[in-house]
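*Asks:* Knowing the structure of chain A, use the given hints to seat chains B and C on it.
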Amino acid sequence: MLQVENLTKTYPSEDGVQTVLGGVSLSLDAGESLALTGESGSGKSTLLTLVAGLDHPDGGTIRFQNHDLTHLDDAARADLRRGQIGVIFQQFNLIPSLDVAANIAFHARLSGQADADWCETLAERLGLAGHLTRYPEQLSGGQQQRVAIARTLAARPKLVLADEPTGNLDEDSSDIVLDLLIEGVRETGAALLMVTHSLRQAEKLDRRLHLSHGRISP
Amino acid sequence: MRRAAFNALISHWRKHPVQLVSLLLGLALATALWSGVQAINAEARASYDRAAGILGQDELQRLEPRAGTIPLADYIKIRRAGWLASPVMDGAINLNEAQARLIGIDPLTTPPQSSPVDLSGDGDLQAFVMDGLLFAHPETAAQIPDTLPLVRATDTLTPGIIITDLSTASELLGTDNFARLILAPEQPINLPPLSEVAPNLLLVAPEEGNDIARLTDSFHLNLTAFGLLSFGVGLFIVHAAIGLAFEQRRPLFRTLRALGLRKSTLLGLLASELFALALIAGTLGVALGYLVAAALLPDVAATLRGLYGAQVSGALTLDPAWWLSGLAIALLGTAVAGAQSLWRTAQLPILAPAQPRAWAIASLKSLKRQAVAGVGLIAVAALLAAHGSGLTIGFVLLGCLLVGAALTLPLFLHFSLNLASRFSRTALSDWTLADTRQQVPGLSLALMALLLAMAANIGVGTMVSSFRVTFTGWLDQRLAAQLYVTARDQAEAEALAQQLDGAVDAILPIRYIEAQIEGAPGQVYGIIDDITYRENWPLLAAAPDVWDRLAAGDGALINEQLSLRESLTPGDTVRLGPVQFTVLGVYSDYGNPRGEAILSLDQLRAQGAQIEGLNFALRLPETRVGEVTELLTNAGLPARNIRDQAAIKAFSLDVFERTFTVTGALNVLTLGVATLALLTSLLTLSTMRLPQLAPVWAMGLTREKLARLELLRAVILAALTALVALPVGLALAWVLLAIVNVEAFGWRLPMALFPGDWIGLFVAALIAAALSAAWPAHRLATRPAADLIKVFAHER
Amino acid sequence: MSVRFLALLIWLWASGLSAQGFAGLGTDAEGFAIPERGTELTFPDDHGAHPEYRIEWWYLTAVLQGEDGRDYGVQWTLFRSAIEPEAGSGWDTPQLWMGHAGITTPELHFVAERLARGGVGQAGVIADPFEAWIDDWSMTSTATSGDQLDALTITARGMEAAYTLDLTATGPLVFQGDRGYSVKSASGQASYYYSQPFFEVSGALTLPDGPVKVTGKAWLDREWSSQPLAEDQTGWDWFSLHFDNGAKLMGFGLRSETGVFTSATYISADGTPTPYGDGALTLTPLTLTEVAGRQIPTEWRVELPAQGIDVTTKPVNPQSWMDTLFPYWEGPLGFSGSHTGVGYLEMTGYE
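Chains as they are written, first to last, in our numbering: chain A, 1 to 218; chain B, 1 to 796; chain C, 1 to 351.
Derived, one-sided and incomplete: chain B residues facing chain C with beta-carbon distance under 8 Å:
| no. | residue |
| --- | --- |
| 1 | L72 |
| 2 | I76 |
| 3 | R80 |
| 4 | A81 |
| 5 | G82 |
| 6 | L108 |
| 7 | T109 |
| 8 | Q126 |
| 9 | M130 |
| 10 | L166 |
| 11 | S167 |
| 12 | S170 |
| 13 | E186 |
| 14 | P188 |
| 15 | I189 |
| 16 | N190 |
For the record, the hints were derived by calculation from the structure and aren't laboratory data. Quantities reported herein were computed from a predicted structural model and do not represent experimental measurements. Even glycine gets a Cβ: it sits at the ideal position worked out from N, Cα and C.
So here's chain A without its partners, still in its complex pose (with noise of 0.2 Å):
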């Protein structure tokens, strides 16, 4: 359902153009889960905000279930971002002005697909159900990245995006949240591309791909 083909990416800095990504290629089965591991700077969160629609590629192309996003334009990938994809970064992935209830349920009111009892299960399961009514700056790191999760599974989406989901938390909630995240991408069925620096994480995933200086190394 993922192709990524020979994916490149610069930035402009002050010592010239520096290569961030210098072709990479992945794919990635619907229901599978792929872990990007990677020295800090070998361009894995690149990859992922490139595979979320948010940034453009300089070249390359990355096909998800047969549309190219190169391709589209910026309002048809929001589109598809709204409906099929789910992002979840290290942190300040809530929107500080709702509440936790309506933080889970807004991905999945945005794309059309809000379904209350989902919503509560989710809360539950993850630990929730006593803090709907509270605001994200109410909350600790972990239990706002729960949030998190349970927003974007709310969502039903195809394919989840996770960029070192577990990066700001204490080792043991972060085994915790990362179980709760897994669970839950199996459960819809989604496919799962996460970000993370750790190998013992990265082995909870069905495939590893190392990235250094921006390509895929063996």
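*Replies:* Quick look at chains B and C alone, frame taken from chain A:
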């Protein structure tokens, strides 16, 4: 260390030029409006002082007639009794397309303190006494016709005043009588008492501040209040900009402190930074203020002339004190606006976590505290309205009302948006409303400014429109005759009256005496019994059979000003000159700052004072106006002595319109400043709002769509603010009409409502909000994706 | 002989500090009448004003002794100055009036000054019945027979002091110069000038400490002209002396850059005048006193050898400074030497 720290601190402004500009612009505009108004007031006051200096009224006692004028024989009698008194003639003369006040003095007896002109030059005294030399302000000198060739222009005189010798004045005014006698401050010993020497004259003490200053005080207080309002609105911007700049530099403060910079040094550096900024903005503001004043002064001068007869030069002179006070107010404003930020910085522990969003997010609790304070102020305003009196109280009331309303605004917005979100059905509208609500604290200062500006607009607009409606109707009543004719002397007046007899439906002589009315100078008119008065005269209150009783000499009509000032109603008695009369009725008399009364013409003649006035009102069918005008012209009357109703109405309305040009202009400026406040607040917020927007963007909303929502949010807030502004504005209008105007001008006006105007203003506010949000929204729509992605990666 | 005031007064009108000396006076008379030798003065008409002449005054000085035994002096002067040589009427009258009054005590000197324009009744002079007035100050004839000036009442009032005096003449009017034609310079400037030096006075002064009854002698000068001084004449010392034997002496010196022009009239006790031309009288300043910031000779030696007169004068109050619009020194004096008596001294032009 100090220099390095300072460089680090000010590098902030290089990175945030918009903040710098909004800070400087806000302060400069605030200073400009304030000092502009001050410059206008100062110029006007200087003019009054000049006028007072001419008459010697501010220092010296004078003798005034109880009614009429002072005959020469009475003056000589006073001199020969030993009293050192100097005579003054005072009357109006026609110039080229203007009128001036001609003051005749006797240079030989004028006490040196009150000498208005310098006659020490070669031949001056002889030219003054023998050759008819006139002294006038350059503006007035230019209007003096060539038939009076010997004119000297001097800046020390008030425009519209001509000073000359008694001999010249006597000739030009056609009188040997005096308006008043100025008493020398030191008198010889063993004089007979004035009550024996001059039983017909009143000894008038020098007044605290002269007459015109007293009359125009209210007008200047009005201007000052508006200047203060504008200044306050400008300070909102300054406060916002300083607050943000401090908040954003908190990590820097922390770092500098950690590097060993003392707290006091840091505060000193920040204070001197503010001081420097205030100086720059203040200088800019004072320069702008000069432009504002120069642009508005001609209208102010026209207003003061039309309304009070006060002559104010249309040209602005610069006073160093004024420049300094403008700078001082800029510094003071900066101090007020920056005090909170400095104090907070002083409280900052070295290792406090950075809390950049603290500036934008205030707790509901603090909104409630503000609202309670606001409600308290509104309650004070209500108490003052019910029990207070006096002009100053009126303005305090206005201040309480406006500030109180402004303080309750954020909570009102909060609850309104809460309420609206209950009816929201989609995620997007939920989020839009919730996010708008979250913006309220950050925008509250700007929105308060907008509220004040709009309320002032509605209030003053309602007052002016009410005034216009009432005034126009009143003019129709008061100017019921078709033609108004001025004869040039008594003989001509009589000849004209004979000639017109039969040619018109009615000849209504307009005659009056100058008299002390309840202890203040004013005019008493005498009218004949005519249906014109019975049908048209705008009576506000009347005893039964008022016109019959007036015709029978049973009492007097008084104007509203006198009625309000002395608390007189029909049935009371009023003192006109030396005599008491029963009040038969009260009539409205807009545009006249003085007390006035009407007697029957016979009764007026019986007062024995010299009767003034060579005017007639002529009642005739509209169709015959041309014919009668021709008849008068053929009789030799100059065209300017014949004025038809329409011309007088046009003139009166023009005076009226000009009166409010200034307030109108200040209104527009204030609204402009408020829009600017909104713009700068939105701009500064826009960078801080990325964390709010980025998650939504990541979930599939384009930047364009988000930008449109940003625009919508500003419009929603402006609309809600406008909803509050309407009742506040109407309350303001009520206070202006029912309290301030009564105190300031002496008349009360019925309040008329103009919903059409409100809709216009509402739309204007929405447009202003959309305009101020347009730029920040555009920046958001075209923002690189990387900026938004960074939100998720960086510590904020 | 307060020529200097009038000089300054006319300077006020015609303005010309640019001209020499007594500015404005030195120029021509611009249509004003000029005194002519041989004109006979007639009374009471000539007691009144002569508006066709530029300047004129009614000038009375009284040397008095109070019932408290102290010396006093009183001055009452009315000046007339014409802008144009016509009487006029109403406000257009081109005639200006100025009054000066002075009261001198051994310690104090009170001054008052009044200004008025003619034509409206504030100031003026009527010949018959005689009255000269400005505001409440007046010099009014109380004579029931004989000349209008044989008996007068004068009154004046200032900020601190006032006086009212009754005057009775014990001798005739006296013509100065050539039957009233008085030459004022070597180049021939002249005025009409007559006096009544024989007044006996009784009356009262009102002083800050209270009223004082006084008696004494008074001298009235009447003078009018249009061009009384030469261009280079800068000042004036004028004496009126009452000798104990009943005779009188009027003498003056007009100072100029080239010297002093003197003139004198000796009047015998019966009123017979003997005029003396330039040089007969010698005036020598003896003592300089600082008055109002300038050095003024307050004691003089007065010599008229033709009458055997050689006296030294001493002022009652050396600080008799008239601090008026145009200030000068004027006050009572006593003298001794060949003769004794009392008198009045006026000094102008000391800068």
